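Colleague: Hey, can you piece these two chains together into the complex? The hints should help.
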Amino acid sequence: MNKRIIAILSGVAMAAALFFTLRQRPDSADARKSLVVGVESDVINLDPMKIVENLTLRVAAQVCEGIVTLDKDNRLVPALVESWSANADSSEWKLSVRQGVKFHPNQCFGPAGSREMNAEDVAYSLRRVVSKESPSAFALAGVIEGVADYQSGKTSELSGIRVDGSSVIVKLSKPDPLFLYRLTSPWFAVVPKEAVALGPDVFGRTTLIGTGPFKLASRQDNEVRLTRNPNYWKKSAGNIETLTFRVLKTDAIRLAELRGGKISLMRLPDALVNEVAASKPAPTDSSIRLNPAFGDFSATVHPVFNSHFLGFNYQAVPRALRRAVSKAVRRAELATTITGGLGTPAVGPLPIGLRGYAPTPLADWESAEKANEELAADPAAPRTLEILVHEKDSSEQVAELIQSQLAAVGITATITRLDMNGVIDRVLKNKAQCFVLSFEYVFSTPELILSGFFSPAAIPVPNLFGFKDERFDGLLADLAKPTADGTPNLPVIRQVEDFLVGEAPAVFFYQKRSAVLARKGIEGVWISGNNILPFEDVRVP
Amino acid sequence: MSATGQRSVTVFRVVRHAAYSASLLFGALLLAQIIFEAVPGDPARRVLGPYASQESVVHLRHELGLDRPLAERIGANILGALRFDFGRSIIDGRGVRLEVMEKFTRTFSLGLQAVAIAAALALALLALVHFVPRAAFLLPVARTPSVLPSFLSAVLLAIVAALWLPAVFGSSGSSRSFPAPLLPSLVAAIYPASVLVATLGARWTSLRSSPHYRTARAFGLGRSQLLLNALLAPSSPAILALVIGQLSLVLFASLVVEIIFSLPGTGTLMLASIQANDYPMLQGILIINALVFIALHFLAESLYPVLDPRVAR
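Chains as they are written, first to last, in our numbering: chain E, 35 to 575; chain F, 1436 to 1748.
Next comes chain F alone, as it looks inside the complex (with noise of 0.2 Å):
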């Protein structure tokens, strides 16, 4: 194939993949409106708290626009949003796109943090196996947090820290955001660490039976090598494949631990948020996470040529 003929390729998936994320964003948007407006109870009733006047409710309705007409409303949210525009925050009224960004900036760390636990952990694991095998009765051992809820994890060891070492690990009170603190963190990292260690495990079981390994083997290459060019290399595509989808999978988790370690960010943000009908903070959050996670997606798919050439062509 040509080089022109390659960039049109690359220039058609870029288009296609645009058009897809564009519509299932503007389905989200959709969506998250529709539930919001089925929900029972006046938005403006509940920022304002049961004991506040009927006008005061009635101003605010009409502050937020709730007063007209539903198409209307709905055109005008996702004018909005184009615009990158969410408004303000119903419940005190201040900036959408500052406090989601800010939240999503903690979160997103959190994340990354875990998943880069998590990555190394199983790393090093399976390569402990790989060199002393007998080591292998580790394996079902690390992969049985996988049915360990992280609410449950997230409690016990944050009792477990405070009681015994209140000194090591800060639990709360974390006021930056990168790095974020490290018990939450390890905790997120608990359940990706347990599901790579499982499919990166079966993934190099199958891969040592291939042709390509017993040949390696047969020339006799020293384990590490074989480590580094028999297992590592040909599995590089699906770590990163494992590792950005244990990536959106951590930041969906980060919903809890930042409840139980009362972390401020986007799971804390979007809880609240739901509780108080704060549409145009959700619909903040539901953008802006899923712009992310549609560059992370097309990050990836652009990655797996440079790391497999058979995905190229």
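Here chain E stands alone, though its shape is the one from the complex (with noise of 0.2 Å):
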């Protein structure tokens, strides 16, 4: 008897880890070439349209595509249009839709299968990102006409896009020369209407069809497959058959992933810069030294559209309380200590990486000393200051060394904890003081930037400290004229950016950089200013 239940108890114990131990396939079973890629958080949903959250984007950006879209060096570059040409003075844009792409096959085609995208197919799609149902409406909202009417449910129609051949007529309700530089971003991207008609438990969830090198294979929120799109219009240069997105929220357990070899490529978080890297990476570096535990990997760095700041409630807080402590903060501590050096410190608010823009230098702008000044060109001015913070973007731990910069010059900082929505709803009700808060610009040009984030048109959203001055509307109106050439008029960009650090209705405190962890052997790894790893490129060995 005694044996017996021995014997019954340890067969149990057998089978159940045979069972366990048989069921875990290896990853590395699948022969064609395949990429994991681990990722920060889980992936709910991939309808280009209702994405608030950069991480989905960047995940949707590899199935479906644009009309156009950045290169290496951040320039604008056609997509699913093919060419374009706009009237004299760039209000209306006729936009040529690439011929014979073909979106990724689906049952929602019908017994074809599948079907060339169209003109119509375009102008749908921005239809839709302009409807009062998408967040990111408001890049386009009062740009192309009739968005208003069209949001209120007034008309049915959009007057702005229209369908004419093969193109798209795009009219906007003022001249805007740069009017495709703000379209790059994959929030734009173009949908076929049969999929989204399966409707949203199935489009997005289970099913995303796009024109993309890669086709969505399966979707579950901690891991998303894709598939090589064998029809894809564009000749790329990667060998990656089989993408596997594999969420991995704590940094932690993600790095050890990469080293024990289950995913093959990260984003490398700000937080563990110290513990990867040999030496922070200076400013120009392309890439980090890492440490030896690290040998087999190789990381890679790549500026992009963001920043992060401290933003004040331009009516509520003096001037000379602004312009004090944007002199007295220390960027260059900030950028060490925050992004580990991945931050460029910088004054302004333009990024890195756009195109032919220089920042402004440190050293003419801040120090104690220049701070000290300001305070005392206004005694009145009051020497606290309520800094709001979130749980996200390090907020509390860039406002609690700012604090400690500030009390050096004599400016008492509080800091009040809330969530993101708290601060936000705190801003919009002109409750706040001072937030710290980052920006992922949409926008992939200078003038775009400078007028779409700090023009009284675009308060209270995203314009959020309600920034407003005659003068920078007279700035505004210069930035919009085009050069004959069509680059960028860099002494009037500089003229902008160099009133907006002296009114300091934010403080800019670097402009960030991306930084990739991967295998080595892992090839042609870069990531565009709108902070987009094009899959398409990588080679894997």
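Just to be clear, a hint being listed does not mean it is correct.
Just a sample of chain E residues kept apart from chain F, beta carbon distances all over 10 Å, derived [as the list claims (entries may be wrong)]: (1) 120; (2) 305; (3) 329; (4) 350; (5) 394; (6) 434; (7) 536.
Counterexamples of contact, computed for chain E against chain F with all Cβ distances above 12 Å [what the hints assert, rightly or not]: (8) 268; (9) 303; (10) 333; (11) 352; (12) 414; (13) 463.
To give an idea of the chain F side of the interface with chain E (calculated C-beta under 7 Å), a few residues [as the list claims (entries may be wrong)]: (14) 1453; (15) 1476; (16) 1481; (17) 1483; (18) 1484; (19) 1485; (20) 1487; (21) 1494; (22) 1527; (23) 1529; (24) 1577; (25) 1593; (26) 1594; (27) 1699; (28) 1733; (29) 1736.
These are calculated hints, taken from the structure and not from any lab test.
None of the values given here were measured: they were computed from a predicted structure.
We put the CB at the ideal spot given by N, CA and C, even for glycine.
Modeller: Next comes the structure, spelled out in structure tokens:
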């Protein structure tokens, strides 16, 4: 009896062990070229129109494409629109849609299985993205003619967008020579209406149809599998057949999985730079020297359109205090501490990596003496500041560092901890004095960033500062004037940026760079200013 | 007591139990809604992000019915919940019932697996100590993990597994709901296993000094018969109660385990829904979870009389 029980127990234990061991399939079983990428957060919905979270956008961008995109130097290049032309004052644009591009096959196309993408699809997708349901509509509201009436339901037709044969004609509410630079984000992807008609439980969840280099094979919240699109219209340098995004939320676990070989590539979060780097990357470095424990890996650094700042309630905080804060913060220390060297200290709002732009030198601007001079000039200005922080983007850590830096010049900062929504709520209700936030710019040219985020038309969002100045309006008018050869008007851009630095509706700290940590032998990794890594160009051994 | 009388007692118990559960559920719903209302910030703004236009926000508020009076909203929510219709997520319009059921299946199988592992481990250890009394020193050792928080053990085990045992443990990327991945269920099993060892161990110690056990020994029963008849059988209702109690706890602990192992489940969904003020989703999670727990406890209550006839009287 005794032995029988022991025998039964050990039999059960062995069967259980066998069962669990056998069902673990090794990933390397797939002999085709594959890459597993570790990502930070759940992928809930891949419908480009519904995405507000940038991490999800980076996955969706492998499947869906927009009409234009950015090249390695962040210049505008055609994607699903082959070419374009504008009338004399750039208020009407003719977009010639690329021919012969097929959507990924799906049952929603009926017996044919797929069809060619056409001008109707481009028009449909643009209308969808400016509709009232779209979080990204703000980027085009007030730009395309008739959007306001379309959103309010006054008309069911959007007068600014119409199809003309194989072209789409876009009529703007005012001249805009940089119109197409508004559309480089994958938010503005072209999707077929048959797929959207599958409904919100299907499109973006179990099905995603685009024209991109990869097709969606499956989506779980914690894993997305893509397969190469053999009919992709563009010749690409990469060789990945299956691309898997695996969600590993904890930084330490993601890094351990990379070292253990379960994933081969991940973005390097700021918090992990110290752990993997032999030395902090300098602002001009294009790669990070890794410590010996990471000898099998390499890390590359790419400038992106992201920045971190302290925003003021422009009307409520006196100019002297704003300027004093801007001069008292030590940006290099912030960049080193918060981003592990992945931030390039900068006083202005313009990201590095934009066409032809060079940042304003720090030395001319910040110092404790200059901050004290600002304060001395306005003895009535308060020396106290309430900073609102939230759970994202190391906001609290930034505020604590600023708090100690400001204490050195006699400004007392208090920190109020809220959640992101709470901060935005107080800012919009005009009940905030000062807040830590970050921008991931959707516009890919300096003129649009400066006007799009700081013009009075952008109040209350994205001009959260409520920044308004008559002199600035004049500068914005100059900014809108095109140069003869279509290149950016750098002197005017510099003038506008300097004006913003001087008036300090916000104090910018640094412009971000993104780093990628990958197993050696993986080639062709680059990141666009929009923070997208095009896996179509990546080669795996 | 006659058969009819016994049946009416059972029916009465069922009705009383159902009424009690319903009132609990109603209270929880009301409380959730009040908390939801009290949270600062606009849910529509949160969905659309900080830079969306005010028009879009106002439109979404209308779509979600957030511009209707509070009483009307509460009424509509509770009516919807009664019809088992929780509406659609305010984040992306996906159906709540479908999503919650799918995620719950995953969490439940993780919890079930964890409790099964825990019970097997605990019983195996106690049986070992029964047969080999010298192994009793293992009992205090087995009890210690109950003080180790699961977020700590989860991260430690995940890193160890990823670095040294990548082929054996897939700590991530499981796309199936059943069986749940091994490592997370092991982590979730640590705490209930040590609680089971502690509680059952204490119970068996007291059983060993009971007249019943001593009589059984006096009759010359072997160790295995003692284990089956004098320890396991009398403590089976307690084991059932413990396992079901631990299942509730494990489902709760899965919140942490799921987040650390990046598993899609109720825990992850709940956290995301709280962060996004996704009330329809939260309501769905609350009701479906509550219903399952009520069903579990009801099942346990119905099983007690079978295991221990004294309870039925």
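Colleague: Compare the structure with each hint and give your call.
Modeller: Hint check:
| no. | hint | in the structure |
| --- | --- | --- |
| 1 | 120 | holds, 25 Å |
| 2 | 305 | holds, 15 Å |
| 3 | 329 | holds, 15 Å |
| 4 | 350 | holds, 19 Å |
| 5 | 394 | holds, 25 Å |
| 6 | 434 | holds, 22 Å |
| 7 | 536 | holds, 24 Å |
| 8 | 268 | holds, 30 Å |
| 9 | 303 | holds, 15 Å |
| 10 | 333 | holds, 19 Å |
| 11 | 352 | holds, 25 Å |
| 12 | 414 | holds, 32 Å |
| 13 | 463 | violated, 10 Å |
| 14 | 1453 | violated, 32 Å |
| 15 | 1476 | holds, 3 Å |
| 16 | 1481 | holds, 4 Å |
| 17 | 1483 | holds, 4 Å |
| 18 | 1484 | holds, 4 Å |
| 19 | 1485 | holds, 5 Å |
| 20 | 1487 | holds, 5 Å |
| 21 | 1494 | holds, 4 Å |
| 22 | 1527 | holds, 4 Å |
| 23 | 1529 | holds, 5 Å |
| 24 | 1577 | violated, 16 Å |
| 25 | 1593 | holds, 5 Å |
| 26 | 1594 | holds, 5 Å |
| 27 | 1699 | holds, 4 Å |
| 28 | 1733 | violated, 29 Å |
| 29 | 1736 | violated, 29 Å |
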